[in-house]
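> Sequence:
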Amino acid sequence: MPDGLPVRVVLAKLGLDGHDRGLKVVARMLRDGGMEVVYLGLRQTTGSIIDAVEQEDADVVGISMLNAGHLTLGPRMVDALADAGLDVPVVIGGIVPDEDRPALAAAGVAGVLGPGAPADEVVACVRAAAASRGR
1 MPDGLPVRVV LAKLGLDGHD RGLKVVARML RDGGMEVVYL GLRQTTGSII
51 DAVEQEDADV VGISMLNAGH LTLGPRMVDA LADAGLDVPV VIGGIVPDED
101 RPALAAAGVA GVLGPGAPAD EVVACVRAAA ASRGR
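Going by the working numbering, the residue at position 54 of the sequence shown is 54; the numbering climbs one at a time, nothing skipped.
By construction, these hints were calculated from the structure, which means they are not laboratory data. Every clue listed holds true.
Computed Cβ-Cβ distance ranges for the label pairs, DEER-style:
{"#": "1", "residue 1": "ALA106", "residue 2": "ASN67", "range": "18 to 24 Å"}
{"#": "2", "residue 1": "LEU16", "residue 2": "PRO115", "range": "15 to 21 Å"}
{"#": "3", "residue 1": "PRO97", "residue 2": "GLY18", "range": "20 to 26 Å"}
{"#": "4", "residue 1": "ALA103", "residue 2": "THR45", "range": "18 to 24 Å"}
{"#": "5", "residue 1": "HIS19", "residue 2": "GLY47", "range": "18 to 24 Å"}
{"#": "6", "residue 1": "PRO6", "residue 2": "GLU54", "range": "17 to 23 Å"}
Note that CB positions come from ideal geometry on N, CA and C, so glycine has one too.
Sequences and hints are given; from them, build the entire structure.
Right under this line is the structure:
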């Protein structure tokens with residue numbers, strides 16, 4: 001990053017989806033890619049994620065979606081961050097059909113990663129999201 005600091009990412013499971021194995025793997029990928037990772041875990045709300053973003057001075061929010069809630073919860077997270085006055089991009093990982101990606105991009109989601117995305121793709125996507133806000 002331009003200022004020499006590592007990208008700081010808040011990772012969470014937004015909503016009631018109870019499967020977090022993939023998100024834990026992503027946390028390790030990002031850590032191994034030189035990023036600082038704040039892992040919030042399961043059953044988070046937009047409010048709890050915003051609190052963590054503020055407290056941790058996060059550069060990117062990563063949320064995992066495996067319950068078909070991406071078209072509702074992804075834009076809700078983007079809007080909640082904007083309403084809180086936070087310019088922090090959101091990356092969604094999980095089960096997202098290709099035909100839903102344009103709607104997520106239009107809603108302000110910075111990136112979407114599918115299941116089994118290789119580490120270099122995950123790291124590049126998060127770095128690109130961080131760079132989009134000038135980090």
